[in-house]
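Straight run, no breaks: the sequence shown in our numbering ends on number 862.
Everything labelled a hint here was simulated from the structure, so no lab data went into it. All clues given are correct.
Label pairs and their in silico Cβ distance ranges: (1) Asp670 <-> Gly772: 55 to 63 Å; (2) Ser260 <-> Thr157: 35 to 43 Å; (3) Asn491 <-> Asn385: 51 to 59 Å.
Ideal Cβ positions, reconstructed from N, Cα and C, are used throughout, including at glycine.
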Amino acid sequence: MTRPLLLLGLLTCPSLAQAATTTGYLCLRNDGVGTFSYGDLDIFADSDWSAGDRTASAPGSGKTLAPGAGDCYAITGLYVWSGYQYQYVFEISFLDTTGTSTFSSGSNLRLTSTSTWYIGATGVSTSKPSSSNYISVSNDAPDGFTSMSAYANYPNDDSECYVYWSGLSLSNARDWSHHYVERATSSSGPWSTIKSFYSWGYNYMTDTGLSSGSTYHYRVTVVDEYGAESTSNPTTSCTTTTKVADSDSDGLTDTEEASLGTDPNDADTDGDGLDDGDEVDSTGTNPLDADTDGDGLDDGDELADGTDPNDPDTDGDGLDDGDEVADGTDPNDADTDGDGLDDGDELTGGTDPNDVDSDNDGLGDGAEVTGGTNPNDADSDDDGLGDGAEVTLGTDPNDADSDDDGLDDRDEVSGGTNPNDGDSDDDGLDDGAEVSGGTNPNDADSDDDGLNDGDEVSGGTDPNDADSDDDALDDGLELNTTGTDPNDADSDDDGLNDGDELTGGTNPNDADSDDDGLNDGDELNEGTDPNDADSDDDGLNDGDELTGGTDPNDADTDDDALDDGLEFNTTGTDPNNADSDSDGLDDGAELSGGTDPTNADSDDDGLNDGDELTAGTDPLNPDTDGDLLDDGLEFNTTGTDPLNPDSDDDGLSDGDELDLGTDPNNADTDGDELDDGLEFNTTGTDPLSTDTDDDGLDDGAELDAGTDPTNPDTDGDALDDGLEFNTAGTDPLNPDSDDDGLDDGEELDVGTDPNNADTDGDGLDDPEEVGTTHTDPLNPDSDGDGVNDHQEILNGSDPNDPASNGEAPMDTGEQVDDGGKGCATAPGGGGLWLFVAGLLLSARRSRSRGA
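All chains, please: the whole structure from these sequences, using the hints.
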């Protein structure tokens with residue numbers, strides 16, 4: 012099977028017309044552990060390859076490479092141009108001498124001058140490549156299994172062999188693909204595969220359907236993923252067995268049983284619990300005698316118990332196995348109790364072969380026989396100690412007083428002295444003398460005070476009293492360590508017992524252990540620590556505290572969370588007053604919070620620090636809400652909220668309101684339904700005046716109506732907005748409410764109705780009568796001739812001449828009585844009105860222009 016290797020050549024270059032040809036090289040190297048031989052090597056080109064005259068030298072067959080060796084093959088006709096190279100695509104495949112591919116690299120490998128693979132057509136160099144650029148090939152065979160075994164599956168089946176192999180783990184099964192088992196009837200073959208395994212865990216199989224009484228040979232081979240096979244493969248063989256007649260299946264053929272005289276239909280002819288075949292082939296017992304050795308035990312029981320069914324005295328202790336079983340001794344152990352005496356000898360000597368220590372004295376019977384004591388008497392010398400105990404102690408079990416000190420060994424043991432030493436505690440006093448004198452013969456220092464009993468007697472202290480002066484210190488400690496007087500309970504006369512001082516840590520040889528000027532005893536009475544000059548660790552000496560009036564046992568006498576020493580030496584506060592500045596805050600709280608514990612009003616805003624914390628204001632910021640008013644002023648005077656820069660939420664800060672004169676606690680100081688901030692910041696009205704433009708309308712009402720609260724006559728009709736809105740009923744946003752051509756102010760001046768374009772209802776609009784017909788807009792019949800002014804206009808008569816009513820009047824030249832209203836020849840009744848109205852209008856317009 013061939014495995015092609017796809018290789019890409021080097022970079023492309025300009026046209027063929029500019030290119031030259033050169034020779035490149037394809038190189039192989041053997042990186043295996045053994046010699047690599049291969050046959051034909053073929054190069055398969057793509058279409059580009061065949062386009063020119065590029066050829067590759069075909070190496071001959073039978074090439075061999077030693078490990079690490081390489082060989083190169085020239086490829087001619089490769090185009091190059093000025094250092095550039097063409098790209099060539101081709102496949103390379105080669106076979107080893109067995110016809111199996113030994114190299115596969117995958118596909119689409121691109122070759123460059125720096126790649127691991129190499130094609131030597133570099134364009135400027137035709138030399139062979141360095142060894143590091145060789146194509147690597149390997150001919151290593153995979154590892155194989157190391158052992159194999161097989162056996163016939165008899166008596167279950169005479170046509171089967173069980174085969175097993177081992178000795179190769181997956182970790183060293185390089186590139187494992189599968190393994191297969193072969194069988195042959197001869198060790199030299201031919202071999203045939205009987206089963207392949209593609210799961211690593213299988214290492215056994217049962218070969219079935221075999222011929223009885225035949226020999227078969229087996230071997231197992233490992234195959235790697237490239238198809239290479241292991242070369243070192245274990246073999247094994249198996250011979251199947253031919254079945255013969257065994258009617259009772261006892262392992263003896265019927266023929267053998269007939270010869271022996273056993274029953275071929277009874278597997279256990281003598282009923283001893285053993286099959287006849289086992290007795291003949293394994294145990295060597297008589298299958299016709301249940302008790303082959305005549306020791307009183309059946310052969311099967313003996314095998315079960317471990318005794319020899321062919322030896323009546325299995326352990327050779329002089330007792331038959333059956334007797335031992337009956338007596339309770341172990342027929343497999345000559346010395347059942349392990350005491351050094353055979354069971355037979357013990358029965359003869361009267362000791363118990365099942366008891367190591369027949370007299371229970373702690374010595375084995377064998378040891379007593381050897382040592383000369385009586386194994387049937389626990390206390391051979393009658394001294395009250397068992398023989399075993401004496402041997403353990405080292406005393407003589409045959410001598411009641413081993414050390415001849417006048418005390419029996421047992422009395423010494425009971426009293427705790429050494430029965431092998433006349434002076435057990437080596438204090439120079441015999442044990443007997445110490446017992447008589449009341450001291451402890453086992454303790455050189457009877458009172459355990461650190462002084463030898465003899466030294467105490469010579470030194471005047473009591474050897475039976477560890478503390479002669481009753482100061483709670485042993486005499487030896489005082490004499491050898493503390494330097495105190497073992498006969499004086501208070502060596503430094505400070506009022507404290509030496510033992511109490513050591514327990515308390517004071518110096519029993521120094522009346523003032525901490526050098527604070529106070530006697531240790533006085534300090535204990537005061538409750539201070541005589542070992543600490545500053546008992547409460549507050550930075551003040553205990554004596555100084557007593558002098559200054561603070562408590563030397565309380566680091567914080569006034570409980571203000573500041574140590575007395577800190578207050579006295581650093582902060583300048585009074586250690587006897589928790590609130591030095593009387594601002595309602597403890598000094599410690601002030602230091603923690605950053606306020607001055609010596610200044611009741613840290614930010615000088617008129618509120619003491621405690622009141623500020625209660626109110627929620629910042630005692631370190633005089634203007635907590637940033638409204639330019641000190642918190643104290645807001646809290647005590649203005650009544651504003653020191654936590655809200657705009658107490659009335661009107662859009663002006665409290666400080667700005669005070670500067671303006673508005674009420675910071677009233678959003679609408681002037682009551683015009685406009686917030687002060689709106690008036691000041693937006694409308695431009697006066698927050699202190701309800702009617703900024705004095706036009707008779709509140710500023711809020713003007714905003715609601717749409718008029719200008721800063722202009723008394725929004726529509727410029729010479730009528731104040733309030734007059735129009737409240738009295739005239741005209742539109743303050745329209746200078747001519749009735750759209751008759753006369754401003755509302757002009758109409759009011761002349762007496763016409765500013766809300767009615769034709770005040771007198773004569774069909775002529777007021778401005779027409781005033782400016783054109785000169786009739787009276789307040790009189791529908793200006794000349795009183797019984798025809799209204801509009802009708803006279805239509806008739807072509809003069810509405811101001813009562814004589815002209817639609818018929819042409821005759822002029823007689825005489826005066827006509829007009830009822831006291833003037834001469835008839837003058838203009839009609841409306842003439843005088845028009846004259847007066849003209850004067851009024853002229854005056855108003857003059858005022859308007861002046862305004």
